[in-house]
Structures are given as structure tokens and as C-alpha cells.
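Engineer: Listed here are the chains, written in short residue letters.
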Amino acid sequence: MSICSCQNKKFDKLREIIAEKKGTAGALIPVMHEAQELFGHLPIHVQSFIAEALEVPMADVYGVATFYSAFTLEAKGTYSIHVCLGTACYVKGAQAIVDKLAELLHIKVGETTEDGLFTLEATRCIGACGLAPVLTVNNEVYSQVSVEQIDGIVHKYMEMAWKDEEDGNSSTNS
Amino acid sequence: MNKVNLTIDGRQVTVSADSTVLEAARKLKIKIPTLCYLKDINAIGACRMCLVEVKGARSLQASCVLPVEEGMEIKTNSPLVRTTRRTVLELILSNHNRECTLCVRNSHCELQTLAMEIGVREISFPGELPERPVDQQSPALLRDGSKCILCRRCVALCHQVQSVGVIQATERGFQTTIEPVFGKSLNEVACIFCGQCIHACPVAALQEKDERDKVWKALADPDLHVLVQTAPAVRVALGEEFGLGEGRNVTGKMVAALRQLAFDRIFDTNLSADLTIVEESHELMERVNQGGPFPLITSCSPAWVKYVEHHYPQLLSHLSTCKSPQQMMGALLKTYYAQIANIDPAKIFVVSIMPCTAKKFECQRPEMRASGFQDVDVVLTTRELGQMIRQAGIDFPNLTEEDFDEPFGESTGAAMIFGVTGGVAESALRTVADLLTGSTVEKFEYEEVRGLEGIKESTVQIGEQRFRLAVANGIGQAKKLLEQIVKGEKQYHFIEVMACPGGCIGGGGQPICKERIEKEKTDFPIERLKALYKADKGSTWRKSHENPTIKELYNKFFEKPNSKKAHELLHTAYMKRPLTPKE
Numbered sequence: 001m002s003i004c005s006c007q008n009k010k011f012d013k014l015r016e017i018i019a020e021k022k023g024t025a026g027a028l029i030p031v032m033h034e035a036q037e038l039f040g041h042l043p044i045h046v047q048s049f050i051a052e053a054l055e056v057p058m059a060d061v062y063g064v065a066t067f068y069s070a071f072t073l074e075a076k077g078t079y080s081i082h083v084c085l086g087t088a089c090y091v092k093g094a095q096a097i098v099d100k101l102a103e104l105l106h107i108k109v110g111e112t113t114e115d116g117l118f119t120l121e122a123t124r125c126i127g128a129c130g131l132a133p134v135l136t137v138n139n140e141v142y143s144q145v146s147v148e149q150i151d152g153i154v155h156k157y158m159e160m161a162w163k164d165e166e167d168g169n170s171s172t173n174s
Numbered sequence: 001m002n003k004v005n006l007t008i009d010g011r012q013v014t015v016s017a018d019s020t021v022l023e024a025a026r027k028l029k030i031k032i033p034t035l036c037y038l039k040d041i042n043a044i045g046a047c048r049m050c051l052v053e054v055k056g057a058r059s060l061q062a063s064c065v066l067p068v069e070e071g072m073e074i075k076t077n078s079p080l081v082r083t084t085r086r087t088v089l090e091l092i093l094s095n096h097n098r099e100c101t102l103c104v105r106n107s108h109c110e111l112q113t114l115a116m117e118i119g120v121r122e123i124s125f126p127g128e129l130p131e132r133p134v135d136q137q138s139p140a141l142l143r144d145g146s147k148c149i150l151c152r153r154c155v156a157l158c159h160q161v162q163s164v165g166v167i168q169a170t171e172r173g174f175q176t177t178i179e180p181v182f183g184k185s186l187n188e189v190a191c192i193f194c195g196q197c198i199h200a201c202p203v204a205a206l207q208e209k210d211e212r213d214k215v216w217k218a219l220a221d222p223d224l225h226v227l228v229q230t231a232p233a234v235r236v237a238l239g240e241e242f243g244l245g246e247g248r249n250v251t252g253k254m255v256a257a258l259r260q261l262a263f264d265r266i267f268d269t270n271l272s273a274d275l276t277i278v279e280e281s282h283e284l285m286e287r288v289n290q291g292g293p294f295p296l297i298t299s300c301s302p303a304w305v306k307y308v309e310h311h312y313p314q315l316l317s318h319l320s321t322c323k324s325p326q327q328m329m330g331a332l333l334k335t336y337y338a339q340i341a342n343i344d345p346a347k348i349f350v351v352s353i354m355p356c357t358a359k360k361f362e363c364q365r366p367e368m369r370a371s372g373f374q375d376v377d378v379v380l381t382t383r384e385l386g387q388m389i390r391q392a393g394i395d396f397p398n399l400t401e402e403d404f405d406e407p408f409g410e411s412t413g414a415a416m417i418f419g420v421t422g423g424v425a426e427s428a429l430r431t432v433a434d435l436l437t438g439s440t441v442e443k444f445e446y447e448e449v450r451g452l453e454g455i456k457e458s459t460v461q462i463g464e465q466r467f468r469l470a471v472a473n474g475i476g477q478a479k480k481l482l483e484q485i486v487k488g489e490k491q492y493h494f495i496e497v498m499a500c501p502g503g504c505i506g507g508g509g510q511p512i513c514k515e516r517i518e519k520e521k522t523d524f525p526i527e528r529l530k531a532l533y534k535a536d537k538g539s540t541w542r543k544s545h546e547n548p549t550i551k552e553l554y555n556k557f558f559e560k561p562n563s564k565k566a567h568e569l570l571h572t573a574y575m576k577r578p579l580t581p582k583e
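Those protein sequence lines, which keep their order, are chains C and U. The first sequence begins at 1 in full-length UniProt numbering and counts up by one. The second sequence begins at 1 in full-length UniProt numbering and counts up by one.
Excised from the complex, chain U in its bound form:
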């Protein structure tokens, strides 16, 4: 690629000819403020924050969409740029609902940060506030149009990364709104509740449905036995809520904090992840014995399941009937645990801490009542748990590490990597390899399915059987894979899909990662990924079926994998859902 030389604020820089002025400036570590720009996804020059002065040009130019030219002379901090930038920001702020102290994104808000950096002290335009109602009909997500600055980053993410495309800019001028068709709620359209739009949003126009109060209420109720379970991806991200750095494994501190919050028992979703793997591996083996149908597709990502229900109902029979680990745990707690602990399941309240917003929807699906009650009562995201810990005045960074409670505290490295793309496939292979060969296979790390790449493919030889498998993360990537399967271009035995880029570590309920925007860290969950593989390596048990608690569960309760009882409690069914909302 040809190189181009230009001058920015008196400094020379050489960049490839297809760069923009914004990219060239960032190479020089010159910070040009942006709001609508999202690397690789959204460069539309809409917010006008990135205006720069170009020598010889009639007016200021939006640097995010301005291609570099040889000999260009750019000023990013001239009096004209400063004044204009401030005016643009004031105009954006003039019709933004500036209730910062009440806002979920307070201190994590890009608009707030920008106002602070630019030092806006007054707004010269007493702008009208647009009338955009709050959409809180869905069980998972909330849209607050009064906060929206129309940057369209959520639209870009929903369409380009997730291929879901349920929101768009509608109307025009001051009436412009980002919304689903015909002003419907996200609950009425084919939204999959992945919550990736929350990460794209610079402000708080998109949020999870805050359910902390339900949990506080349960914790204060002396008649309730309140249980909590935590997903693998939460423990490697929760520390970020307390400034402990990216990808720090804070399992012990997290358990200690949950105990201080007065949960009666603290269990590990990793245990039920092991259970999922054993059930799903047997499902796969059954299909191998029967010669199909293939591929078997994982079903632990509720956003992914909902996507298939809307877009590929013809493939629903390919989804594993296994419930997700959180739902298996819920069913187990209100049956087996209730029995051994001799507690009325009606008095058991199950809370899940998940990296996920779609789990809030999943736990409310009518099928998820195997115990006769709603198996999981409330799902909180990693962010909501962080908020509860702060609210309770717990000094999280200095907590002494504690262990999960028995009997559901024991888990394996295989369960740990459930939280990262490729992890479920690898864990399943570990178990399938031992089951098929009837031995303990020594080489059980499958490097080829690891990493953040969108689609990973591999062929694995186990005994007589060759397994062709594929792993996708992000719905856009999964869609590519499904299209190839539908057209008959590719055949696989097993496919793992996680709806969020990177898998659950990059889930819609995870802490807002500043690095992702500020440092354009597109591989942002990489530290969380490393932490999970490290935890796997350090685990006593590395294969799900070796977990002693799992063995005991089958001995005492389920008899064997895929038994009638296992099917009643641990498996589920799916339904076709419409693409078009009702009129």
C-alpha cells in the first residue's frame, strides 16, 4: 500500500494511503474527540466531534471520514477547532437528558467524560428535549431515548457484527429516533437480547434491566433461602468494576463478597457446566451411534438460541436439547438440593450472576420451570453485582479469598473455559474422547479451537471416529456458518456458537471496557480469555466427567446421563418465533 506524508499540529506523520486523518492523528497519539466513531464498524461523520482544520479547505472537516492526502496540513487544536468543537458538544448536550447523578453510566459515560475534558461549564442553547419514551417491556434490555445522542453505534453493531438488525434510525431531523420498526418494543421484534448494543452505546440509551431490588428484597426476607450461582466469565471480569485491571481472576474475592451480601449458599455455575458437558457429550455420542442428524449445535447461549428460533427455525432440531448451565443449576437447586437440604423449594430463591443480558430472558422462558417453580428467579449481570457490592460498602479489592459452598462448589477446568469461545467445544471433546475410547486420553488440549477468531474449524480424530467441528463467536459469524450449512457447502458433526464476540467473556452484561473505545482494543476480551485458560490449567480436574460431584449426582439422583429424570430436569425444547412483529 502506498504511503502518504502529512503534517498534524506541526508534526510529520507517514501513514498508508487508505488511512483517515483520524487514524493518522491517533498514530501520533493526538487525541481527537469522537462519539459516533467505532473502529472498523462505524465511521459516518455524524456527531461532528472530530472536526479538524485542513489547510486550503473551506470549512472544518470530520476527520473520521477524511482520507489522508500527500502534503496535507491539519490542525486539531486551533482556536477555530476548539470553539467549534465546544459548540458541537453543547448542541449535543442541549437535547440530552443530563441527569448524570441518577444515571447507570455515571462515570462510565463517554459524553460525560468528553464534557469534562472539554470543560463545558454552561450550555448556550436551552434546547428542547425530544420526546422519546423509555422502552422497558423486554425482560432483558431497556432503551432510554432521552439519553440517546443518535451516534448510531448500536445500529452498526446490531447490523454489522450481530446481523440481527432490529434497530435503525427512523424519522428525520429533530424527530430522529433509534428504534425498532413501527415504534415497537425490543420485546416485540426479533431482538435476541445479546446486549452488545450496551457496549456500543457511549451513553446510557441502552442498559440492562436493573433487577437489583428484587435480590435485595429476597435477601432481606427471613423466610427465603437465597442461593446464588456465578458463571465462569464473571470471575475474570468483575475485578474491572473495582479497578483491578483486565482479566484478573477474582473468584475468591467474589465468593467472599457474595457471602457478605448474605446469600445463604454460594454455588458455582461451573458445576452445572460440567453437567451440561456430560449430557451434551452423550447426546453427541447418541447421534454418532445413530448416524445423525448432524451437526449438533450448542444451545448454552440464550441469545443464540433466540436467533435460531427467529431466523432458522428449520434448524431447531439441530440445537442440543441440553439446557444452559444456569438453567440446569436452577432445576437442580429446586429439586435435588431442596431434597438433600430438606428445604421447601417454594422457599428457595435462586439468583444467577451472569455475564449476559439474554439470561434474564432465558430464566423467564415458560419451559424453564422443571421444578414446578421458576427455576432461576433473578439474573443479575456482572455490572449489577458490581453495583450491589459498592452499594453494600464492601471493600472488594481487599477481601480475603473464600471458597464456594458444598455440594455445588466443585468444578473442573473444562467448566472454566465454558466462558470463552471454543471452550464448550474443547470441553465436549475432552469428555467424548474418553467416552469413545474407553480410556483416559492424555492429550486433551485442543489449541485449534482457541482464540478470538470469528470462525474456527477443526477435524479431530478420536478412535475410529473423525469429528469435523466448527466454532463461531458473534452472531454475524455464526450466520455465515449456518448459511454454508443450509446451502450444503459445509458439513460438521458439532458446532459451538456463542452469541457475543469472544464468547461469554465479551457478554452484554460484562463491565464496560474503556480500553475498547479509548485504545481501540478490538480484541478487548483477550485478557479475560487468558485468565480462563490459566484457571483451567491450574484445576485439579480438567475433564467434566471426572468431577466427583458430577459422579455423585449421577449415582444418587440421575442414574445415568440422558436418563428419563435427566431429560425432565436438564433438557428443553425450542419454538419457532416470528421475524415480523404483530401489526
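The shape of chain C in the complex, shown without the other chains:
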């Protein structure tokens, strides 16, 4: 299966990353970051791979994965929408933006759409208060967002995904 060979490639890459970092102090967290970048999330078999290769107990890997909100155990959508709910953004109406997204995508905060395209997250202050209200889609930042703009933003990514599919590209993050 193509998924298998694609997974194998990811594990090969992860093996390389671990070989490079193994033995250095505090290697676990950087390795986990790279693994999440590769796989999109940290499921049980990825954590057990990291544990075995780094020779640390899997309980330690899992402990770190659940402690930091930067790590996720569940598969996320191709596009992760993070709406900042820090004080400044909240005051500037971020909750209405979250509500609009939830209504549009038919998901709650923390969930992923059925087609695997979008994940909606509410985040703490991302330190861009001057641009409030702020949301990010993967690594792209949208500032001073209004509820009216939401439709456009979401459609932009939907079109990107359709185009990718037509081109026959895999729909992973770049």
C-alpha cells in the first residue's frame, strides 16, 4: 500500500533525526517536535518508536507529549486554525470568530472536520496583541480579523486543497 511506503519513509527520516540527536542532553523534546512535524501527530506507534530508538521509557515520551500543548496525540486536519483567545483578542471579539468558524465547519473547538481538512483550536495569547483579533492557519497569520472575513479565509484553503488533489499531490503540510 502507498500509505505504508509513505509511512516507512517517514520512519526512515525519523530514524535519521534520532541518530543525529541521540546522546545529546535533552534530545527527547526536539525529536518529538520533528516527529510531530513528520506525522502530524504522535500516535502510540510513533511514541514507541521514539522511546526505543532514544532508549528512554515510553512513559517518559507520553508524559512529555501530554504535558505540552504543542504536542498532539490525535491526527489534526491539513489546516489547523488557531484562534487566539488571549485577553486582547477576546476583548476585540475573538469569541465571535470562534463561533463563526465552528458554525461554518460544523465542529467544536478541538475537533477536526470529517474530511480531515480543518482542525479548530482556541489558543492562549500568541503575543500579537497589537494585531488583535488574530488567528493562524498553519504558519500563516491573519490579523484584525472580522467575522465577515471568515468565509473567505476558509474557502481559500478549501480551494488550495482541491487544487492539490487535482494535481495529484498528497495533502500533507509543506
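Hint data in this document are derived by calculation from the structure and do not stem from the laboratory. One or more hints might be untrue.
The calculated label-pair distances, taken between Cβ atoms and stated as ranges, are [what the hints assert, rightly or not]:
1) 7/C <-> 578/U: 18 to 24 Å
2) 41/U <-> 52/C: 52 to 58 Å
3) 30/C <-> 579/U: 56 to 62 Å
4) 521/U <-> 20/C: 44 to 50 Å
5) 69/C <-> 317/U: 33 to 39 Å
6) 578/U <-> 74/C: 20 to 26 Å
7) 14/U <-> 52/C: 15 to 21 Å
8) 108/C <-> 521/U: 53 to 59 Å
9) 578/U <-> 23/C: 22 to 28 Å
10) 52/C <-> 214/U: 52 to 58 Å
11) 113/U <-> 30/C: 54 to 60 Å
Residues of chain C placed beyond 10 Å of chain U at every Cβ, according to the derived structure [claimed, not checked]:
12) 17
13) 37
14) 57
15) 124
16) 142
Where is the CB? At the ideal position from N, CA and C, for every residue including glycine.
Could you slot chain U onto chain C? The hints should help.
Structural biologist: Relative to chain C, chain U alone:
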């Protein structure tokens, strides 16, 4: 090491510069309360009970992680310390499941003791209780998260002492839980059920699986013939359950109590320990004759066996195929004994009293049905037996001593020391020496394998043969040894491993030793160790193969050691087990 002078509560003390304030205070016999601190293993300043006032410091400091400094002035009992300490304790208690009267650790609980000492009478914070489900899927251990105070002592023990590392703190803040990966049960991960975490736990978040009711039920059933066997390490620890002091040998009282509990026959696991030694010695001799494979590794510690099955499956062929003494006894009772006593084995119920939690798992292994039935029906820990004796209203300290029942009451000093690290190796040497030389070797005490040291090595010359042997206690130590073997750095003929520090005397099912925490007695099983060697010295028979009952067993039943019948009943096989739980 440089010395440092400081003042604690107005008293001068001089300590080495690498000490902590807590250590300095303990040198002055000043008691600073602690919960998360475990000497040499866990000093993380997590519980905040050990806060002290330091002159010139902005806030109170956790003394367990506070290095001493020259001229430091410390107060451990100021109004601020007292108030804060009380608040910290109230906060811990506010989300602890305070069902003390129902709790297995009632009167053995450090949190309860602390609440009593500090005199907490009310809790100002009506805290929410965290939702942490009870994990009772495993046959040996139970985790009750509602009791957990997140001190992480179990985590430290599981990782640092046992090198097993199957539990860890997960999530954060109020959601923090001590648990295996992905919220799995201990039964689904590579837990070896050694139960050392129970000894590390200050409360009752970790317990053995309580199986007293199964035994009470069997004892009350007139159709069942209920047999009990007791391991060597139990008799030198059970007295502690009744305040008789550490390391008191209470064999006779224990037998009397079991008789009062109405067991039909009371047998000694020591007898089957002798049987194990004879079988294992012949296994070793066979390997000597065939030139290997070496090392032969002991297999009487079920937690150790499970560890090898998870972590070193490539070494499984090195494990002795001999069953542990409890399983040999179980198989014997439902075959040979059933035959001579003319009792249907289906009506025989075998109970083991063990210093061990992993034995609960061992008796349920599917291979352990040589008789056609589960050979050992229920395993109770030393603590559970103590509870049954109290429950029955037996005045244990004043019991008149009684003897085990025939035919499985006769045993040797070699079997007695089975319960302590180095004991199995020494007993095997005693038998191997006589077998190899064909004589009765006079010098049979092997001092070099005795004592609580983590790894002991020795070379013993027997006739033409030089035996290189190693003894490890605690899985962390055993792992070090195995790594050297896997890498080819060391070669041995024989290796003894006991999963628990000190061997079975320090087993996960033994009485909770207050001295261990309160007096930081890291060599805590030493009195139990001395008691076993003393009992060995006082025994009529000192070598397993000299036991008359063992001779009779071979004459009448097994023919000879390692015979076909012996293999059917007394030997077993092992299996590779995964490290990663199923998704």
C-alpha cells in the same frame, strides 16, 4: 568534602557542603515533614511539605532541594512555617479521597500520620476531586488515582531502582495523573508486578489486588480441601504486622495462626524450594556436561521472568526451565499429594502466602496448570495474611508455636535462604558441590554471595570445575548485569536474580516498613536477612538434596531429577512479550 556550618532553629550544625538543609536538619534530629522525598531516589521539591524559613530569602524554601550554605540561618518551626505547612497539607488533603476508615493503608499511611501530627481539624478548601479511574485489570496490582497525591515516589522507584519505567506523570495542572501510557492499565503495559511501587507510595494509590475473600469463601466450603503453603521470607516479616519488631522469625506462630484459620493442611514452600534447587542444580550440571549454553539464569522470581520476557526475549533460553517453588508445590499438591491422600484434585484448593505481588500473576499464567487444574488457586501477600489473622481475632503475639504438617513440612537451611538475595545461588552451590565431587563437601557457606549489595560476583572452584557466578537484586542492577552479558563484556556460568531489592525479604507483598521512610533505613530488610541466615544455621539439614522428603519424592514419584515426569510437573516455558501496548 568541604564542611559547612549553619544554624537550624538556633542550633549549630556542621555538614558536608553537598548536603541539603533537610539532611542537616535530620542530623540534628529535627523532623521536617516530607511526602515526596525518598532518600537517594526522589528529591524534587514537589509536595512543598518541607518548606522552611531561610534568613534573607524572599520566600519559604523547599528544604529537600535546598543546598546548605555557610552561615545559613534556618527556621523550621516559625509561625509562618507552621501556617504555610498547614495550608499546604490542607491543599493536598482537599483533593485526596479521604475515606480513611475504608482504606487498606489505614494506620500505615504517611498522609494520615502527617495530618495527625500537624493536627489538621478542618479543611478550608472544599476542593474538587480529580476524576481518576481505579485500575484493577491486572491480576496483581491495583491503582487508585483518587488516593494519589502526585508525589512521584512510585515513578522514581519504577524508573530508577527497577528500570521498568511503566508509569509517569501525564497531563498537567489539575489533570495531572500518574499512569501508564495512553491511560492503559498496568496489565496492558510492560509492568512486571514487582509491587515495589506499593512500598514507595505514601498513601494507598498503589495496592496489591486484595484476594482475601476468595480464601475465606474456600475455607467455609465443606467440599473443598484447602491447603496452604508459606514462602521462606514471609516468616521473618509477618511479625512486623503485629508489632513484634523487624526480622523476628515467627514460623511457629504463623503455622498456629493458619491452623486457627482452619486450613486443612499447612505445608512449607521451603520443601519445594529444596525441590527447585535439586532440579536446577541438575540443569546446571547438564549444561556443564554439554558445555553450555551459559549463563543459566534463575527463574524463581516471577517479576524477573516477566521483565526478561518483555525486555530481553533473546535471553529466554538462558532462564532455568524450573518453575518457582510455589508453582512446584502447587503441581505437587494436585498430583502426588492428591494421590497419596486419596483426594480428588478438583476438590483441592491451594493457597500460597507469598512476600510477592507478582506471584498473583504467576499462578494465573496459562502454563501453570500441570495438574490439569490451576495448580495454585490464590496467592495472598504477607500483608493480606496479617489482615486475615486480625480479622479472625487471633492473638498472634501470644500464640503457642506449632509445626507444619507432613508430608511437606520438612525442609532445609538451603531452602530457608531462598528468600534472600544470594540464597538461591548459595543453595545451588551446596548441592552442585556434592554432586560434582560425589562427596559431602564440608565447607558449604558461601559468604561472598551474601549481603544486600546490588551485584555480587564470585568464582568458586568445585573439583575440576571453576564456576563464575553473579547475583543481582533489584531489576535495575540485573539490567546492568544483562547489558554486560549481551555486549560480551562478562561471562558467567550461573546468575541469580531477584526482582526486589534485598530479594524476597524486600518483596512487594511484605509489610510496609515504617523505618524505611521515617529513619531512612535504605538497608531496611537487613534484619529479615539475618533471621533467615540464622534459621539456616539452626537447621538439621543444610543442603536441599539431603532433605529426606525430597529423597522420598524422587524414590516414589519422580524417579530422578529432570525425569520425564519432573519435566511435566516441575518445569515450564517462557514467552516473548511486547514492550508497546496495543493501540
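Engineer: Are the hints correct? Go through all of them and say.
Structural biologist: Comparing the hints with the structure gives:
Judged by the Cβ atoms, the range 18 to 24 Å given for residue 7/C and residue 578/U holds: they are separated by roughly 19 Å. Checked against the given bound of 52 to 58 Å, the beta carbons of residue 41/U and residue 52/C, roughly 25 Å apart, lie outside it. At about 23 Å, the beta-carbon gap between residue 30/C and residue 579/U misses the expected band of 56 to 62 Å. The hint said 44 to 50 Å for the Cβ distance between residue 521/U and residue 20/C, and at roughly 46 Å that hint holds.
Range check, residue 69/C to residue 317/U: about 47 Å between beta-carbon atoms, so the 33 to 39 Å window is missed. For residue 578/U and residue 74/C, the hinted distance range of 20 to 26 Å is satisfied, since their beta carbons lie about 23 Å from each other. Between residue 14/U and residue 52/C, the C-beta spacing of about 48 Å breaks the proposed range 15 to 21 Å. Judged by the Cβ atoms, the range 53 to 59 Å given for residue 108/C and residue 521/U holds: they are separated by roughly 54 Å.
Checking the proposed 22 to 28 Å range against residue 578/U and residue 23/C shows it holds: the Cβ atoms sit about 26 Å from each other. At roughly 39 Å, the beta-carbon separation of residue 52/C and residue 214/U lies outside the given 52 to 58 Å, and the hint is violated. In this structure, residue 113/U and residue 30/C break the distance hint of 54 to 60 Å, their C-beta atoms being roughly 44 Å apart. Even its closest Cβ contact with chain U, about 20 Å, leaves residue 17/C beyond 10 Å, as expected for a residue assigned away from the interface.
Chain U leaves residue 37/C outside its interface by the beta-carbon criterion, the shortest separation being 21 Å against a cut-off of 10 Å. Remark: the non-interface label on residue 57/C conflicts with the geometry, its nearest Cβ contact in chain U lying 3 Å away (cut-off 10 Å). No beta-carbon of chain U comes within 10 Å of the beta-carbon of residue 124/C; the shortest separation is about 13 Å. Every C-beta of chain U lies more than 10 Å from that of residue 142/C, the closest at about 29 Å, which supports listing it as non-interface.
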